[in-house]
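Novice: Listed here are the chains, written in short residue letters.
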Amino acid sequence: MAEYARRGFLKGSLAAGAALGAGLGFPNVVRAQEMVKIGVLHSLSGTMAISEVSLRDVVLMAVEEINAKGGVMGKKISPTVVDPASNWDLFAEKAKQLLLQDKVAVVFGCWTSVSRKSVLPVFENNNGLLFYPVQYEGEECSKNVFYTGATPNQQLIPGAEYLMSKEGGAYKKFYLLGTDYVFPRTANKILRAFLLAKGVPAANIEEEYTPFNHQDYQTIVGKIKRFASGGSACVLSTINGDSNVPFYKEFGNQGLRSENAPIMAYSVAEDELRGMDTAALVGHLAAWNYFQSVENANNKKFVQAFKAYAKKANLPGGDKRVTDDPMEAAYFGVYIWKQAVEKAKSFDVDAVRKAVYGQTFAAPSGTIKMHEYNHHTYRPVLIGEIMKDGQFKIVTRTKGLVEPEPWSKYTSPDKGCDWVKHQGTYQKKA
Amino acid sequence: MPRRETLAVGLAAVVLVVVLPVCNALPADAPFAVSNFTLNLFGKFLTYAILALGLDLLWGYAGVLSLGHGVFFGLGAYAMGMHLMLEIGAKSVYQSALPDFMVWNQVTALPLFWRPFQSVAFTLAAIVLVPALFGLAFGYLAFRSRIRGVYFSIITQALALSAWLVFNRNEMNLGGTNGLADFKTVFSFPLHRPSTQRGLYVVTALTLVAAYLLCRWITLTRAGKVLVAIRDSETRVLFSGYSPAAYKLFVFVVSAVLAGLAGALYAPQVGIITPAKIGVLPSIEMVVWVAAGGRGTLYGSVIGAFGVNWIQSWLTTSYPDLWLLFLGGLFMGAVLFFPDGVVGALGRLLTRAHRVVAGQPDRAILDAPHPSQATHAMSRPPRSDK
Amino acid sequence: MRYRLVVLLSLVAWLAAGAAGHAAPTTRSPEVTRALADLVGEDADRREAAVTVLGQTRDPKWIQFLEALRGGSVYARARAGATELVVGGTKGMRGDRDVIDIAGAYDREPLGTVPLADLKEVPADRRLRLVIKPFLDADETKAQLADPDPAVRLGAAVKLGNQAEVAAVATVEAALQKETDRWVRHALTEALGLIRLAHGSREERAAAARTLGEIHSASARDALGRLAAEPGASPTERDAARQAIRRLERWSLLTTTVETAFQGASLASILLLMALGLAIVFGLMGVINMAHGELMALGAYATFVVQNWFRAAWPERFDLYFAVALPVSFLVAAAVGLILERGVIRFLYGRPLETLLLTWGASLIVQQALRLWFGAANVDVSSPSWLSGGVPAMVGVTLPYNRVFIIGLATVSVAATYWLLFRTSAGLRIRAVTQNRAMSSCLGVRAGVVDATTFAFGAGLAGLAGCALTQIGNVGPSLGQNYIVDSFMVVVTGGVGKLAGTILAAAGLGGLTKGIEPALGAVFGKVAILVGVILFLQRRPAGLFATRGRNAEA
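These protein sequence lines map, in sequence, to chains A, B and C. The numbers in the working numbering rise by one with no breaks, and the one at position 296 of the first sequence is 296. The numbers in the working numbering rise by one with no breaks, and the one at position 193 of the second sequence is 193. The numbers in the working numbering rise by one with no breaks, and the one at position 349 of the third sequence is 349.
Honestly, the hints are just simulated from the structure, not real lab data. We put the beta carbon where it would ideally sit given N, CA and C, even for glycine. Do not take every clue at face value.
Derived DEER-like restraints, expressed as beta-carbon distance ranges [said to hold, decoys possible]:
hint	chain 1	residue 1	chain 2	residue 2	range
1	A	M73	C	L520	21 to 27 Å
2	A	E206	C	G232	27 to 33 Å
3	C	R108	A	K300	44 to 50 Å
4	C	F347	A	K300	55 to 61 Å
Bound-form chain A, shown alone:
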């Protein structure tokens, strides 16, 4: 036993010592005087890598563009890319690392609401700044986050409105189908309130949820078939990611067509279509604030630049890579930050924050504007029809920009979000 114990003692202290020593000296990023550090917090492995890798790519591209033109206030941007590996507690840990260890000036990151909610306390407690580029369910109004993705009234409602209109087909029955997590749940809550407010009888609204990675949609498509018999039915889909492929395939294979029961998807963009057999999806719709097929000079430049970047950086897919709404939002998020820093003449979070309010930028989708007090973004709304090559044909577009409403007027009419006249979320007086 003596030998055993001594070995144990030696081994234990060796290992513990090594761990302590190494742990205390975390790898330090070289701190150069002419650089400003930013953080990129997107999953590069795990289930969310499919979507988030493109966001990292486009942010790095924006950084490269800005650096080529001289950087921000004369300083070159040095991005610190970390991989939280689709692990929600790693998100919190990496956020802490970026803010406390690496002391970055701003972070561009997150995709799922879980990841955002897990880093929110870190940003709020340490007064960091996060640019969040993905459509989400709203009902949040943080001082330390700028939301460049769509709020429900900038995506969900216009999509449903289009289908209800004569132009869209005057559909009367709505099947709300989503993956079981906060975005679809809240989205359907808002959609239901909207539909009821517009006079759709409750019997014409069905709601259903499937778990993540659900593959077998036979039963559900059967239900949709029965629901849709008699015509005039459509599906409002907040199915996430992977599950879209088996859903659309089963839909088509069981004989449902986009003419008689169109699916309006809120989570399917060009990047997801890249990995799907689009034959089954042609004719179905999606609602976003940007499509790669938007026709204007800025977008043409953006798409070309990204394809070139993908080829040069040897990203998988090369110049067949596509751009979509979250990528565009991530891209102009970087530029908005740059503009705000230049306006505030400082990297300090509070100064930059105030400088962001009201900023405009010529984004690929057209000119966008940051809201004057609620930390969200004015964006246009576009409805697109899926084409065989995985692109969208734009069928309608709002004339101007739609104002973001973090608190939907259908479910929380008494709440507002204001960081100039109030402290964030406040109760509106009746």
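Given the coordinates of chain A, work out where chains B and C should sit on it, guided by the hints.
Specialist: Below, chains B and C without anything else, positioned relative to chain A:
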């Protein structure tokens, strides 16, 4: 316990419980200062170590491989999380006594099973009792029917998957995929203050030391020897008149309780608990901590938990693409080349070095465990305790 | 309001004109010229009137022009003092200027390529598109009803039924006379019934209700319900409607049962295909292979590669790619399995827990390698045309081809496995080694070779399953994770004594899952099945058909 070991444990305990927090309390530019971030990270690693201890007791000593310990970890974490959510009260976004996710789920009154968690005493009791009862029920059913070996491991996987599916459902009123997050205070101490984090760390370190002592004591009693015998040949133990099911159940419950405690300490330090920690993948990762560190030796599992997670933190920062390759390689290496873990490999290295220094003939062939013997490597009876 | 009136009137006028054979505005009559000029004007009402005029010519070339207008490819350009309308085609770049090919508005004669900046787009806003739509639809449907492809005719018939406009009766009856395809006839009869139900006399409505009931038309349900509840309807009509509804309900019950049975069989076949390889490897060798899911992923990616190769090198025979992909995925997965077995697994026989961990490690490595090579995103595997769509088995039930194919594939695989194990000498050796390794070795059977071939065969089956799964689900690096736990449930429930156990377990789990899913929903259904498996194992700790005897203890 032999004296050397007591010394080692004592030293480790002092370093973890006293030295590190003191270094953290130093001002930031002092030479030995430990940053808040690092201390918080270590705190998380220590909770993993507590879990690994229980798992090692179950697997390394009793030979029962559970691939579903994430469930017990989650049960403890959720119990603590529920109390912390209720503590937030009116400071939340919706300024309501109900947790946020209930408000946007349009739940108007606190569900019945949430109410008792308002009391601290109940929460503390629940952290220990809920995983224990669950482990008791599951283990009883499984061990009584003599479900063994791989079958048992697979049904623990089924357990983990079902628990993950259930916890993800919004109707369960447990936060769904988002889980429980945005904690503001723990037992009325504000969470974001460094002093609270330090306090949590100290509590975690103390719990780890206590858990280690408990597990060590179990292995030193006669029950410990029966466990090792069960690992080596259950049928023989059965024929010798013991009830392996009872012993396995006992160890299973102990490991479940340890996992629950680990979860409860994890929740306030990390600030979020989601079903992602309950599923099949995280549960298997917990097993690799023990395998890599050294099963059959308790301190091995602690080192494994610490080491693997620290490497994960480092790799996902510096070489994100390599992390999964490394983890996979670790699994394979842990089974093929060092079945008794890093600790075992180091030990053999040291023994050989010692022999070389002492000029003794090389007994490498007899020392190195053949992979086919690894399970029996620890079954040599320990020498007397003096 | 005015424009709606204009549309309605013009439609009626148009139909009336068609029926009475009045002279319609001809191609280049002054009305048309004026209309073309109005189209580029600013007045929205005059633009709409212009569209109406063009539509009323019933000239297919003007209808095509209207379609181009709706699609946004009509431009105006100044030519010799007047404005000329042209239709734009492909866009391109010459230098850094955008150019576009244009063609004449009526005859579509090519007019060359001009810079986009020289043209002014004639926009079609929502109002205008609404005015254009009926002209296109009416034209479309008639053309579609004459289309050689039965699917197009079916779509047209369904649309006519949904619209239920009295004007279409003649068209439908005419088509019904000529129709030969069974399903299109059904749709046409249905459309006729729906139109009569909406617009017919009392007798017609009652007769229509009866017909719709007889042909089991589910789309008529709502209309029949309205008829049954209508206060002004006669008792005969209401009776007919109610009876029809009852018939529909009985039929619906039948179709739901048939559908559920088919879905259960489909799920069972998928589970069987996935679990077969695993069962062989586990049953015959005691190796629990956590990398099984990744072997399936390898098969799926092999299919992707074969598809790409066909697309690039042999596009005319693209549909053949799947037939080639099946053996290729088998071989690729078998090869990787062989490497795995010879390289690492053979050191760990008789120690299932260790192989579990080892193969899990291998699966992580394979997954990350796939991610690094093919990218983290899912890849697109298109279905060949013979696997797309479905066969309508009865009214209201369509059986997708890909699922039917998988049921067939699973059956063939099981048959092939049985044949291999029980009718060949290789199979005899495999069974011998399983039952008593030492003895077989003594009798001259090379256990090592048998192990390697068995593992390779099991891995190949996994690859085959992966290939089949590309038709149903996603192909991505984490494909294996989605299916691994299900495969294990099947193997563990079935036990490792006999293959029959795996078959029974797959059938049972598949059928049960689909049976309870409508009631409990997808999630709780799955949870119930998992709990069921756990409880089932209480009664039979080693599965349905466990190995017996002294060698049983692992």
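Novice: Compare the structure with each hint and give your call.
Specialist: These are the hints, each one checked on the structure:
{"no.": "1", "hint": "A:M73 x C:L520: 21 to 27 Å", "result": "59 Å, violated"}
{"no.": "2", "hint": "A:E206 x C:G232: 27 to 33 Å", "result": "31 Å, holds"}
{"no.": "3", "hint": "C:R108 x A:K300: 44 to 50 Å", "result": "28 Å, violated"}
{"no.": "4", "hint": "C:F347 x A:K300: 55 to 61 Å", "result": "59 Å, holds"}
The structure does not agree with the numbered hints 1 and 3 stated previously, though it agrees with the rest.
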